[in-house]
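Student: One-letter residues, chain by chain:
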Amino acid sequence: MAEAGFRNAASRDIFDSFLGSSKEATARKFGVLGANFIAYK
Amino acid sequence: MAAVCPVGFNVAKLKDEVRQTYASVALNPGGDFHFHRGPEYAARQLGYDAAELAKLPREATEPFAGVGNPFKMGPLPKGATVVDIGSGAGMDCLLAGGQVGPAGQVVGIDMTDEMLARARRSAAEMGYAHVRFEKADMGALPLDDESVDVVISNGVINLAPDKPAVFAELYRVVRPGGRLQFTDIVIGTELSEDARNNIDLWTG
Numbered sequence: 001m002a003e004a005g006f007r008n009a010a011s012r013d014i015f016d017s018f019l020g021s022s023k024e025a026t027a028r029k030f031g032v033l034g035a036n037f038i039a040y041k
Numbered sequence: 001m002a003a004v005c006p007v008g009f010n011v012a013k014l015k016d017e018v019r020q021t022y023a024s025v026a027l028n029p030g031g032d033f034h035f036h037r038g039p040e041y042a043a044r045q046l047g048y049d050a051a052e053l054a055k056l057p058r059e060a061t062e063p064f065a066g067v068g069n070p071f072k073m074g075p076l077p078k079g080a081t082v083v084d085i086g087s088g089a090g091m092d093c094l095l096a097g098g099q100v101g102p103a104g105q106v107v108g109i110d111m112t113d114e115m116l117a118r119a120r121r122s123a124a125e126m127g128y129a130h131v132r133f134e135k136a137d138m139g140a141l142p143l144d145d146e147s148v149d150v151v152i153s154n155g156v157i158n159l160a161p162d163k164p165a166v167f168a169e170l171y172r173v174v175r176p177g178g179r180l181q182f183t184d185i186v187i188g189t190e191l192s193e194d195a196r197n198n199i200d201l202w203t204g
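Protein chains in written order, with this note's numbering: chain W, 1 to 41; chain V, 1 to 204.
Calculated from the structure, these hints are not laboratory results.
Heads up, some of the hints might be wrong.
[To be verified] Listed below are several chain V residues computed to face chain W (Cβ distance under 8 angstroms; list not exhaustive):
1. Lys-13
2. Lys-15
3. Ala-43
4. Ala-50
5. Gly-68
6. Met-73
7. Met-111
8. Pro-164
9. Tyr-171
10. Arg-175
11. Pro-176
12. Ile-185
13. Ile-187
[Said to hold, decoys possible] The calculated BS3-like cross-link candidates involving lysine-lysine, where the alpha carbons are at most 25 angstroms apart (straight line), are:
14. Lys-23/W x Lys-13/V
15. Lys-15/V x Lys-23/W
16. Lys-41/W x Lys-78/V
17. Lys-15/V x Lys-135/V
We put the CB at the ideal spot given by N, CA and C, even for glycine.
With the hints as extra help, turn the sequences into a complete structure.
Tutor: Dropping the structure here:
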């Protein structure tokens with residue numbers, strides 16, 4: 001995002017998006033989570 | 001954090017696989033997929049307000065396959081112009097439409113005809129003339145320079161092998177003072193070449 005020109009990029013809020021899904025084990029293996037991002041122009 | 005993911009497969013094939021997957025979700029949201037869908041999942045795991053989701057057409061909420069909740073970062077301003085990258089069946093766009101009000105506008109961008117059809121029907125059912133949907137690729141948005149106040153997205157940008165190109169396009173359309181406010185997948189490990197080239201892992 002910074003490379004594109006956005007400023008003050010930050011990540012917030014983590015989500016365990018694959019909890020209880022059939023891909024949960026794969027998600028755990030690769031550390032896959034959902035996350036919120038914000039950045040400004 | 002790596003934003004470019006070199007892959008050995010044809011990216012057009014990836015795009016087609018993604019389109020087919022989400023067309024299937026649109027046509028049969030209750031089908032057998034590896035990822036969660038629907039308003040109950042959105043409320044239970046992602047913090048969406050169940051009462052707000054209940055006001056929306058099931059046609060928009062049932063195929064919802066987001067990975068987080070971009071609205072947790074703050075409400076959208078009244079009168080704002082908002083774009084949703086990968087709008088799917090329109091659930092987030094309809095929520096955005098309620099927040100910005102009729103003085104604002106919401107544009108959902110998606111490449112899947114079946115999702116666009118659901119989204120358009122749902123916006124019409126809500127009477128939301130200020131919410132529209134456009135068929136486009138996230139790397140080539142049908143929007144003027146500096147015409148957008150807020151970009152939202154939910155679990156879509158991760159599907160682009162060339163994310164810097166997508167962010168460059170988003171920078172083009174966002175006004176000075178505007179912002180990105182989106183949710184996506186992050187991975188905690190460096191992927192092997194085999195994993196990066198496994199198209200099934202991309203499409204879920």
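Student: Are the hints correct? Go through all of them and say.
Tutor: Verification of the supplied hints:
1. Lys-13: violated, 21 angstroms
2. Lys-15: With a minimum Cβ separation of about 21 angstroms from chain W (threshold 8 angstroms), the hint on Lys-15/V is violated.
3. Ala-43: Violated: closest Cβ of chain W sits about 13 angstroms from Ala-43/V, beyond 8 angstroms.
4. Ala-50: Violated. Min distance 16 angstroms.
5. Gly-68: holds, 4 angstroms
6. Met-73: holds, 5 angstroms
7. Met-111: It is violated, given that the least Cβ distance between Met-111/V and chain W is near 21 angstroms, above 8 angstroms.
8. Pro-164: Holds. Min distance 6 angstroms.
9. Tyr-171: Where the cut-off is 8 angstroms and the nearest Cβ of chain W is about 4 angstroms from Tyr-171/V, the hint holds.
10. Arg-175: holds, 7 angstroms
11. Pro-176: Since chain W brings a Cβ to about 6 angstroms from Pro-176/V, closer than 8 angstroms, the hint holds.
12. Ile-185: Nearest chain W Cβ about 6 angstroms off; hint holds.
13. Ile-187: Cβ of Ile-187/V sits 5 angstroms from chain W, so the hint holds.
14. Lys-23/W x Lys-13/V: Since the Cα atoms of Lys-23/W and Lys-13/V sit roughly 22 angstroms apart, the hinted pair holds (cutoff 25 angstroms).
15. Lys-15/V x Lys-23/W: holds, 21 angstroms
16. Lys-41/W x Lys-78/V: Roughly 19 angstroms between the alpha carbons, so the hint for Lys-41/W and Lys-78/V holds.
17. Lys-15/V x Lys-135/V: holds, 14 angstroms
In summary, the structure is inconsistent with hints 1, 2, 3, 4, 7 from the numbered list given earlier, while agreeing with the others.
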